[in-house]
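J.: Respectively, the protein sequence lines represent chains A and B.
Once you know that position 73 of the first sequence is 73 in our numbering, the rest is easy, because the numbers rise by one and skip nothing.
Once you know that position 439 of the second sequence is 439 in our numbering, the rest is easy, because the numbers rise by one and skip nothing.
Worth flagging that the hints you see were computed from the coordinates, not collected in a lab.
A few of these clues could be false.
You can't tell identical chains apart in this list, so a pair holds if it fits in one copy or across any two.
As the list claims (entries may be wrong) - Distance condition first, Cα-Cα at most 25 Å in a straight line; then the derived DSS-like pairs of lysine-lysine:
1. 648 - 62
2. 195 - 219
3. 30 - 321
Letter by letter, the chains look like this.
There are 2 protein chains.
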Amino acid sequence: MQANLSTVLMDQEEINEIQQELGKASLMGKSLEQLIIDTDNYMALPLDVPGHSPAGGYAHNKHQQNGKYIDQAGRLFLITGDEKYAQFTANLLMQYADKYLKLGFQEQRNTNPPGRLFHQLLNEHVWLLYASLGYSCISHWLSATQRQEIIARLFIPLLDMSTVQYDFDFDRIHNHGIWAVASVAICGAAIGQDKYIDMSIHGLKGDDEEGGFLAQISKLFAPSGYYMEGPYYHRYAIRPLAMFAELVHRFRPELDIFNFKDQVIGKTIQAMLSTAYPNGVFPALNDASKTMDIKDEGVIIALSLFAKHYPENENILGMAKIQERVWVNGCGLVLSKAYEAKNKIEMPCLPSVELNEGRDGDKGAQGFIRMQNNTGDISQLVMNYGQHGMDHGHFDTLGLTYFNNNQEVLREYGFGRWVNVEPKFGGRYLDENKSYARQTIAHNLVTVDAGCQNSFDINTAEAKHGEPHFFIGNGNLQGMSAYAHDFYPGVTQQRTLLLVNHEQLAHPLLIDLFRLSSEETHQYDYALQYEGQIVRTNVELEHHNTLNSMGNDFGYQHLWNVAQGKAQDTTLVSWLQGQSYYTWLSASSSDDTLFCTRTGANDPSFNLRSETSLVLRRQARNSLFASVIETHGYFNEAIEASLDARGKIQHINIIGFNDHASIIEVYGEGIDLTIMVNNAPDATVDSQTTIEFNQQTYSWQGFLAVESKRS
Amino acid sequence: MQANLSTVLMDQEEINEIQQELGKASLMGKSLEQLIIDTDNYMALPLDVPGHSPAGGYAHNKHQQNGKYIDQAGRLFLITGDEKYAQFTANLLMQYADKYLKLGFQEQRNTNPPGRLFHQLLNEHVWLLYASLGYSCISHWLSATQRQEIIARLFIPLLDMSTVQYDFDFDRIHNHGIWAVASVAICGAAIGQDKYIDMSIHGLKGDDEEGGFLAQISKLFAPSGYYMEGPYYHRYAIRPLAMFAELVHRFRPELDIFNFKDQVIGKTIQAMLSTAYPNGVFPALNDASKTMDIKDEGVIIALSLFAKHYPENENILGMAKIQERVWVNGCGLVLSKAYEAKNKIEMPCLPSVELNEGRDGDKGAQGFIRMQNNTGDISQLVMNYGQHGMDHGHFDTLGLTYFNNNQEVLREYGFGRWVNVEPKFGGRYLDENKSYARQTIAHNLVTVDAGCQNSFDINTAEAKHGEPHFFIGNGNLQGMSAYAHDFYPGVTQQRTLLLVNHEQLAHPLLIDLFRLSSEETHQYDYALQYEGQIVRTNVELEHHNTLNSMGNDFGYQHLWNVAQGKAQDTTLVSWLQGQSYYTWLSASSSDDTLFCTRTGANDPSFNLRSETSLVLRRQARNSLFASVIETHGYFNEAIEASLDARGKIQHINIIGFNDHASIIEVYGEGIDLTIMVNNAPDATVDSQTTIEFNQQTYSWQGFLAVESKRS
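Isolated chain A (complex conformation) (with noise of 0.2 Å):
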């Protein structure tokens, strides 16, 4: 059809072999049909390279559209031949570098400087980088008139912003820094201009010390790969990471980029994925959307990358059953092929992992443990016991979200943010993100005082990280525990999670020791944020004929107290949240108060969603919350089935706790168990533990043991 030829990204022989896929039922043959059926429905609507508007207003959205399809329509010519594609890009490109100097410098908004086309320069990058790889597919189809026209009038100006008049963004360890080297190398590559590849990968001063890509990822990733900002951030950054390794990788072989440190390209993009919850949605850490998943156009990038570079696992193969789609190009290729060599591929079911964090791994950990039943459900607990997360941090360190059923159980609430949705604010970070969403009470954890960890300063709480004790990943008995130390002033916290698969339980049994130490008395705040519908409970509530807020200020002011009762000796909740019964029970006394919450207090915009919580209130010097959660029965509206409602777990008991160890016990029907936990810091996996409470010995080896009476 054409000359031989290679793009930035791809050559001939991959164009080729894409080729093949047109209409097959094979990964990249639906890539392929979506990607056309896609690209057509834009083509077909009027062609338009606007001016400015808001954040989230039309030409925002169209100038990002415009660039997406310049690429999209890019590789389509090359791999269909079809010259409508090359003749779409083509009047896109020009019609840009027609008006793209004409467009005055945007508004700054933020600490993000301004571009012609955007607000932020971020987005800028984004579209030089799309722009760029659909202009590197359709150049030598063009005029050398229209090259040059492109590259003077639009691709330059574009490349002198980021390296000149904005240098100081483009020398930056950040993840917006990815972009910004990306969309310069691929621009580079595009129009043959080697030196922006150089200053690409070994920043402005070539020393690759203060910028470019090989100091980025060196320096932005903790040794287990994990990103400090959470997969939220991790996905957007992935994309450009994922396309630039590309690059380096064909321009600049020499650099061996996927081996390069110890491998971190594949170690970070693996990192990100074994965060995600088992339906391939990212738990919300740290300021995050509830519904980003592994379906998102960076992590799709990332997975065929990952598959043509890496050694094959079944889970990669697992989590494209998910995306249902591959990179449309030589990558993702390899993967459907890797896909359709297999007969079955089974849903991914990712092992326990513990992602420390910390550029040295020595910061604290982010914990991933997964459980699968014996119908092969998945129960996932995630504990934060790791860094801050910098500006989009939330004050949560041992907070816990856990998954199963399909759904998220124990919630975290994400950002406070209608992304995109312009009449909210401008679709900005709401002033509820900080009121509400970063605060303490927002999350599945005990806040102290009715405050915020770390008084809400992000700078206090940079400084500080979770300590963590132990984290067992495998086998039937897994679990994890950490420490935070002055998180609030002279009060040290431990948290323990558990979980137990048990012979006479549908799902494995949560159980979450929460541990906190002071030689004053404080007022302990065990929260859980739940979703569904209260079933039953034991305690007797007092249901408020008005309602008032929890609190003035810390996320309290956010809450109203629904109802509140004393609380029993194992008090217990039990809730419908879609097709499952969940109950949990505490170990508390009368002189505990249970409140049931509901967020939307001082709220004048609605800007919250309305939510509800159990909060468990406690005075005490030394305390710990002992509780389970069960998992059990089954509901249906539709067909009007309903199943073990109530579940088996009926009491918990302290029998002590100390700087040394918790020793705790449940039972129900069929089910005793006595629950060991070591507490020390030095303890070790041989540690031989021995220990009386109430005129009873208790002994185990390791840092926990669970001894079932019954079974």
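Got chain A sorted already, so can you dock chain B onto it with the hints?
T.: Same frame as chain A, now just chain B:
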């Protein structure tokens, strides 16, 4: 495999043909596969015939399931020839024969007489029907002794209970009565005792008057086929109705049952189907679940029956597409083959229809209007201007529900009940069903003086019905209008609902003109039940720091007054539900007050779902609530896309209204509509109306006209 035989509802030829579908991808093939998997899974559990338990408890559920699987396994024995199914069916039947008479009668819990297996005779009849069907499939395989035992110790006692002990319940024109006669007839046929067939068809007296199937189907349905309790109850009655009709067809062909009474069987099935939303879910008219849909077993059976005995119809095939299966029976075979014969089956797009109520069709009607936009999305409007609906009726005459974009937008609460959720009051109706769900304020209409229609008195309500004014069910301007006289003393109400396809709008525009007339001043509360997040409003809302309920009675005691503010000339509220934006604009003034409410007040057991409404309050004698609802834009959080969050309509003005006519103006971006409605009960399609408001004359022919100034 076995001798040529005829079971109650299948003959050898049908069995042979169904066998041919095993392993095929046809609807019948897939239905068989599901039936086999489901039955095999159940057969893998230990066989158990328990005693008594509360409703929703183990024994209750187990008996229900046993009955169902006796039938399923029986049919599978004939279709697959595998004797394991016959053995399983025989084992269960023999255990029931052994135990049945030893079980005492259950305790009576409501007006329904108790059975031995269940608290309600109704459940016993359902069980009998399925057990008889299963028996009829294996009786030739059983030994004479086994047959004798099952008949003498199980079926005869059941038949005696139905037709002798509880004869008053057998001869009853009621939806439960259909289960009684169907189960007795099917059992009679299965054991070869024809008298039971005849008494079931003609009643115990044999006069086709007080009881029996023919009397029931003659008297239960309106001429339109509508069943007064609404689709939730209709779909439950349709299951035995369809099975009994098939039995009559086979055993008493001389009755020509499918042409009986002007094809009442076909008509009532079609009426039931024609209420469903585009996604197959039934609007929750009266006490009803929000999730009951056409995948219900009864609807699957009825659709298959319809497909065999009535003319082919594209929408029947479209509904089969939603159901994804057919009745495993000769009727289902016909539907499966008709389905296979088509190349492409579209989703159903049912015509708009007005279903009259009352035995003579003169007790008002239920109106269903459907309009498709140019992307194929169907907007459906439902208005109740018929009868009260007996004991399960809600006090919501002139109430509406509205559906588009695959979701219910203006919502019905449904019943206050957690069906089969044992800890929630045994799964029975909750107090909140009366105190909230059935009250006028829980619906989408006007509540007068914070009371309830007909003072929540069923007898008063049963004596009244809505009065139809007009119904226009075709084209790009559709509408319906009706009156309600004295549902509040001295107040006449008229509601006119229009759907208009307008070239400037992505979806049909809903126009709602709710007019009230009285000689006294009243408080009128116009309420809309919505779901989702408020995006913007032009009302300065005072958000309360302390929440109080909206009132003390008639459902108001369950509503929190979350926020309130003075209305605007055009009061506007936009919200986001799922992936779609909705904007409500209503002609009002600063004398009116807008309230934002949330359910949950005075709900000590968390029995209510937490839901939201908008209430526009006005003091007036004669008043017109003129509103529009615009459906616009698109939001997808996962991909962070938002389009057109504001919509195009800007104003709605009332030009004038009185008993003769209402004139309204609606305008916005590229939109300037004048809506003219004739309010006179004696209007016809030929009426010429000329009326003057504000020195301007408006003239049109027929019930209504919509003029567009700019298009």
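J.: Would you mind marking each hint as holding or not holding in the structure?
T.: How the hints compare with the structure:
For the identical chains of this complex, residue 648 and residue 62 are inter-copy neighbours only, at 19 Å across copies versus 56 Å inside a copy, given an alpha-carbon limit of 25 Å. Taking identical chains as interchangeable, the C-alpha atoms of residue 195 and residue 219 lie at most 25 Å apart only when both belong to the same chain, with a minimum of 23 Å there against 88 Å between chains. With identical chains, the CA atoms of residue 30 and residue 321 are at most 25 Å apart both within one copy (12 Å) and between copies (23 Å).
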